[in-house]
Structures are given as C-alpha cells and as structure tokens.
Amino acid sequence: MAEKHPESMNPNALPIDVAAQLLSKAGGRVVSEETLRSDIDAGAPTNPDGTINLVHYAAWNVQQIAGMTDGN
Numbered sequence: 212m213a214e215k216h217p218e219s220m221n222p223n224a225l226p227i228d229v230a231a232q233l234l235s236k237a238g239g240r241v242v243s244e245e246t247l248r249s250d251i252d253a254g255a256p257t258n259p260d261g262t263i264n265l266v267h268y269a270a271w272n273v274q275q276i277a278g279m280t281d282g283n
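Using the working numbering, you'd call the opening residue of the sequence shown number 212 and step up by one each time.
Any given hint could be a false lead.
[What the hints assert, rightly or not] What follows is a set of in silico ranges between Cβ atoms, one per label pair, in the way DEER data are often shown:
#1 T257 with M279: 19 to 27 Å
#2 S219 with G278: 31 to 39 Å
#3 K236 with D260: 29 to 37 Å
#4 N221 with E244: 12 to 20 Å
Hints in this document: simulated from the structure, not taken from any laboratory. We treat Cβ as the ideally placed atom computed from N, Cα and C, and that holds for glycine.
Work the whole structure out from these sequences, hints included.
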C-alpha cells in the first residue's frame with residue numbers, strides 16, 4: 212500500500228485507502244482497505260461520495276461492539 216501524504220486531511224471525508232492507513236497508524240492493529248470495505252458492506256456509514264467520516268465510522272464500531280456484548 213503506497214503512502215499518501217495529502218497536505219491536509221479532512222477526517223469527515225477520507226478516501227478508503229487513506230482511512231485504512233490512518234487507522235492502522237493510530238490503532239494497535241493493521242486496518243486494511245478490505246476490512247473497511249467489509250465493514251461498509253456490513254452497514255458502516257459512508258458519505259455520498261464513498262468517503263469515510265472517521266467519527267461516524269468509530270460510532271458505528273462502538274455500536275457493533277455494544278451489540279455483541281449485550282446479547283444482541
């Protein structure tokens with residue numbers, strides 16, 4: 212995966228490849244584009260242009276984890 216270094220990144224509208232790179236660097240595990248696409252297929256929110264809002268994506272992940280732990 213080639214690294215991109217845009218002069219400014221908008222965390223409200225990141226392309227999938229850039230979001231994967233950023234999440235991998237910020238988190239404790241590798242997040243691939245395939246993982247993000249799988250999450251999107253499972254219902255993770257995207258913007259109309261296909262980009263990812265990191266706050267909305269994080270909230271969706273929290274909902275998924277909460278649903279797994281409360282018996283849903």
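Between N221 and E244, does the C-beta distance stay in 12 to 20 Å?
Check passed, 18 Å falls within 12 to 20 Å.
Assuming the hint says 31 to 39 Å, is it satisfied by the Cβ distance from S219 to G278 or not?
Since S219 and G278 have Cβ atoms about 35 Å apart, the given range 31 to 39 Å holds.
Has the hinted range 19 to 27 Å been met by the Cβ atoms of T257 and M279?
Because 22 Å falls inside the window, the suggested range holds.
Does the beta carbon distance between K236 and D260 stay inside 29 to 37 Å, or does it fall outside?
violated, 23 Å
Taken one by one, the earlier hints fail for this structure only at number 3.
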